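Following the hints, put chain B in place on chain A, whose structure we already have.
Protein sequence lines, in the order shown, are assigned to chains A and B. In this text, residue positions in the first sequence follow my numbering: the first is 1, and each later residue adds one. In this text, residue positions in the second sequence follow my numbering: the first is 1, and each later residue adds one.
Source of the hints: derived by calculation from the structure; they are not laboratory data. Where hints are given, some of them may not hold.
All copies of an identical chain are treated as equivalent in the list; a pair is satisfied when it fits inside any one copy or across any two copies.
Only pairs whose alpha carbons sit at most 30 Å apart, straight line, appear in this in silico DSS-like list of lysine-lysine [claimed, not checked]: (1) 252 <-> 90; (2) 12 <-> 236; (3) 80 <-> 115; (4) 191 <-> 324; (5) 90 <-> 75.
Note that the structure is predicted; figures quoted are calculated from it, not measured.
Number of protein chains: 2
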Amino acid sequence: MSVKNNKISTRKDDYSQWYLDVIEAADLAEYGPVKGTMVIKPYGYAIWENIQSILNAKIKETGHKNAYFPLLIPKSFFNKEASHVDGFAKECAVVTHYRLKNNNKGEIVVDPEAKLEEELIIRPTSETIINHSFSQWINSWRDLPVLINQWANVLRWEMRTRPFLRTSEFLWQEGHTAHATEIEAEQEAEKMLGVYNDFVRDYLAMSVVAGKKSESEKFAGAKHTYTIEAMMQDGKALQSATSHNLGQNFAKAFDIQFLDKENKKQYVWQTSWGMSTRIIGGLIMTHSDDSGLVLPPNIAPIKVVLIPILNGSDTDQNVLKMVKKIKDILKLKDHLEVDDRDNLSMGMKFNIWEKKGVPIRLELGAKELEKGSVVLARRDTKDKILVNIDNLAKVIKDTLEDMQNELSKKSEQNRIKNTKIVNNWEDFKKAIESEKFVLAHWSGEASVEAKIKKETGATIRCLPFDQKKENGKCVYSGKASEQRVLFAKAY
Amino acid sequence: MSVKNNKISTRKDDYSQWYLDVIEAADLAEYGPVKGTMVIKPYGYAIWENIQSILNAKIKETGHKNAYFPLLIPKSFFNKEASHVDGFAKECAVVTHYRLKNNNKGEIVVDPEAKLEEELIIRPTSETIINHSFSQWINSWRDLPVLINQWANVLRWEMRTRPFLRTSEFLWQEGHTAHATEIEAEQEAEKMLGVYNDFVRDYLAMSVVAGKKSESEKFAGAKHTYTIEAMMQDGKALQSATSHNLGQNFAKAFDIQFLDKENKKQYVWQTSWGMSTRIIGGLIMTHSDDSGLVLPPNIAPIKVVLIPILNGSDTDQNVLKMVKKIKDILKLKDHLEVDDRDNLSMGMKFNIWEKKGVPIRLELGAKELEKGSVVLARRDTKDKILVNIDNLAKVIKDTLEDMQNELSKKSEQNRIKNTKIVNNWEDFKKAIESEKFVLAHWSGEASVEAKIKKETGATIRCLPFDQKKENGKCVYSGKASEQRVLFAKAY
Chain A
1 MSVKNNKIST RKDDYSQWYL DVIEAADLAE YGPVKGTMVI KPYGYAIWEN
51 IQSILNAKIK ETGHKNAYFP LLIPKSFFNK EASHVDGFAK ECAVVTHYRL
101 KNNNKGEIVV DPEAKLEEEL IIRPTSETII NHSFSQWINS WRDLPVLINQ
151 WANVLRWEMR TRPFLRTSEF LWQEGHTAHA TEIEAEQEAE KMLGVYNDFV
201 RDYLAMSVVA GKKSESEKFA GAKHTYTIEA MMQDGKALQS ATSHNLGQNF
251 AKAFDIQFLD KENKKQYVWQ TSWGMSTRII GGLIMTHSDD SGLVLPPNIA
301 PIKVVLIPIL NGSDTDQNVL KMVKKIKDIL KLKDHLEVDD RDNLSMGMKF
351 NIWEKKGVPI RLELGAKELE KGSVVLARRD TKDKILVNID NLAKVIKDTL
401 EDMQNELSKK SEQNRIKNTK IVNNWEDFKK AIESEKFVLA HWSGEASVEA
451 KIKKETGATI RCLPFDQKKE NGKCVYSGKA SEQRVLFAKA Y
Chain B
1 MSVKNNKIST RKDDYSQWYL DVIEAADLAE YGPVKGTMVI KPYGYAIWEN
51 IQSILNAKIK ETGHKNAYFP LLIPKSFFNK EASHVDGFAK ECAVVTHYRL
101 KNNNKGEIVV DPEAKLEEEL IIRPTSETII NHSFSQWINS WRDLPVLINQ
151 WANVLRWEMR TRPFLRTSEF LWQEGHTAHA TEIEAEQEAE KMLGVYNDFV
201 RDYLAMSVVA GKKSESEKFA GAKHTYTIEA MMQDGKALQS ATSHNLGQNF
251 AKAFDIQFLD KENKKQYVWQ TSWGMSTRII GGLIMTHSDD SGLVLPPNIA
301 PIKVVLIPIL NGSDTDQNVL KMVKKIKDIL KLKDHLEVDD RDNLSMGMKF
351 NIWEKKGVPI RLELGAKELE KGSVVLARRD TKDKILVNID NLAKVIKDTL
401 EDMQNELSKK SEQNRIKNTK IVNNWEDFKK AIESEKFVLA HWSGEASVEA
451 KIKKETGATI RCLPFDQKKE NGKCVYSGKA SEQRVLFAKA Y
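Extracted from the complex, chain A is given alone in its bound form (with noise of 0.2 Å):
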């Protein structure tokens, strides 16, 4: 584990450089050499790990299987729904040769005879594959649903990056569904988006907006796409995953048709709904510190760091005695981590496990040893206290629990202050300008949309599920609305 030294900006001085320096402070991710592109570094893939161990858990518990559909795509395919490539995939990765070879340099260059007679893409994302594969498994009523989901890399290529939030490739899971009626379809993406939801409350302590997006901001291929919409500390929203309900607009262009009950032809109902590493990024600008990252424990890959404090005496012993005591009555297997380097001080190693946001460091020395006790640090509040080794197991249980529940509290917290209810255009430039989530009435109008994203930078987030119909008149046109829709700035 290498030791890094650097120091944090703060969140007031320089939002978008703290967020760069979390993260490398944390190692949990740097640059690749290709513009655009990450590596995901040990630290960081494990929270990853966790993520897709817990999400995977759900999606199968939802009935869905897991599968593997091929990175490259014909273009060909892309021509077949091509509203949904007007959207994002235009910006992608193409294949065209398939050799290398040696010049008479002795350097290695692209052969010019290894042409592709189609041009491949790398999959932005994977409907038009795996529409493909569906319209050969499909049949019969009796072929459906079909409820796969994927876990891969996909390809966008990005000119302004940035670690996790945005970058070329990335890791995600997409799922891919098709149903027999417009009915069980909307059911599977309301479903899906709710599996969502909760894993981010419950697992990574995020409190978010879930919604549907207007017609400008959905995904081009859908006939609705859902969203859950998270607040950063800096006022700005995070689309944290999204749901499509996609009709049958990719039925038709791949010609997925069943028997139904009634031995009649219909082209099938379509879902498709991801959740990306995107999410690593929202997690750390939800609940990290000018100190560095902070993990909500239930996603920490380590949950406890215990430091050994050794002065060269003979007590030493001692101490490393206790230390393997501890680790036996803990039972925390790889979420406990001892930290008993020689060649790093106290305060480095504090500093190290704070910046990694590890929810708990134990001390233990010589001193802590006689009182049969051990120092309990955590890293949301600083708080240290002195605990009775008797006693650990429960006081760790409980203080994991509560900074949980704590961290989703503020996180709820933080986005109900920070969301205004603005009744005209002057409030709302202002309560956007301070980097807020608005509430405000709007025409339902595309242009109006534009308009207000123009003159602002906000979009509108989504269409709040939680937002009652009431009437009003539109925050920048004064057409009449009927509901209420959040806007804001967002990555």
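Using the frame of chain A, we list chain B on its own:
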């Protein structure tokens, strides 16, 4: 789950077609739309998930951490360590453009203006890009060893493809490590081959020969390559996993140096090692029979299928009640599948699950219920016995263990029976023609190895670890030889 009614060719009639038929009948995979690619269907992917989960735990137990490195590698990296490219990596997919656009006919085309300055290569393996990172991570002896593993997709263009065995894109894990000393790297390479060896033996019930590759057959960037070679039922070898001692080749190419304890700069010593979805091809070809797939219980996604036999009478309710009770008793969770579909005959169901290689099939109808029993059919031997429900959990446990052991034994016996020790060229040719493993003396000359390959199609699979030094004469050249090596035709 779709119902396939395809016939399976016999191994004797057409081994190659048999392999494809088994895959189709078990619904494991199918060809993708791009030549050389494969869709891994849910049942096939479930096998890969089991392999991943077990192997991942073993990789972590031996101290490695997972991380993730970019898919796309700058072409210039391949010039740094060109020797490893010579081996295989020339058959690479090359990305030259990063955008699509609509042309004036409304079609999606590659945007000629979005041409990359430097072409990017889809990783055929990640030595170059990972060692680029290592050169930044490693400074001092305290940073060593670095023990990294990655689960990823890689791509090597293939013209002649076969599902699992040889596909352009495949999934694998690739371990990459850096050490302070040569001996540590050597020990690591050997240790990880041991991990693979134990894994295929204990879970996949595959008997393999472990050994060292000849200079011609080793990974082109390596000092030594170690391998485990399995024998398929047609007598051909399948390289099941490899582990490379890379020496300092990549360290020098990527300038990975550390300050040792004497404060002197040293290049690190490295290894890499991998197992891929190819092993599923080996698993299929080791155990399956003319009725379809046979899966060792320790890797089977579904260990037991329970088929209620209903006849539309009042007793059906009792049968279904007992099915529920058996489910509770067995506690097999997802490893138990109940097939209560009402549109398939019993014969069709038996056939489906047989072709899927599920180790145990249980049949329960009114007749069995009356006796408090259930019929247990075993996939490998096809034996059927009547088991009292009170003993069922124990009998299933024992049967699964026995089946695992028997498949192991069968694999080992097949290998031993079909391995021939030969001492002259005529016998050698005959043995290779009859598709056997051959242990023969070899002069150690690459030219002889090449001639043998040209004349018989056989390659040196490895210099087996278990072959003692003995003086002999090369079966081809008559020159002195110190050890018998393993020759075979290979996949």
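Evaluation of the provided hints:
{"no.": "1", "hint": "252 <-> 90", "in the structure": "within (21 Å within a copy, 40 Å between copies)"}
{"no.": "2", "hint": "12 <-> 236", "in the structure": "within (14 Å within a copy, 66 Å between copies)"}
{"no.": "3", "hint": "80 <-> 115", "in the structure": "both (24 Å within a copy, 24 Å between copies)"}
{"no.": "4", "hint": "191 <-> 324", "in the structure": "between (46 Å within a copy, 27 Å between copies)"}
{"no.": "5", "hint": "90 <-> 75", "in the structure": "both (11 Å within a copy, 23 Å between copies)"}
Hint compliance for this structure: every hint is met.
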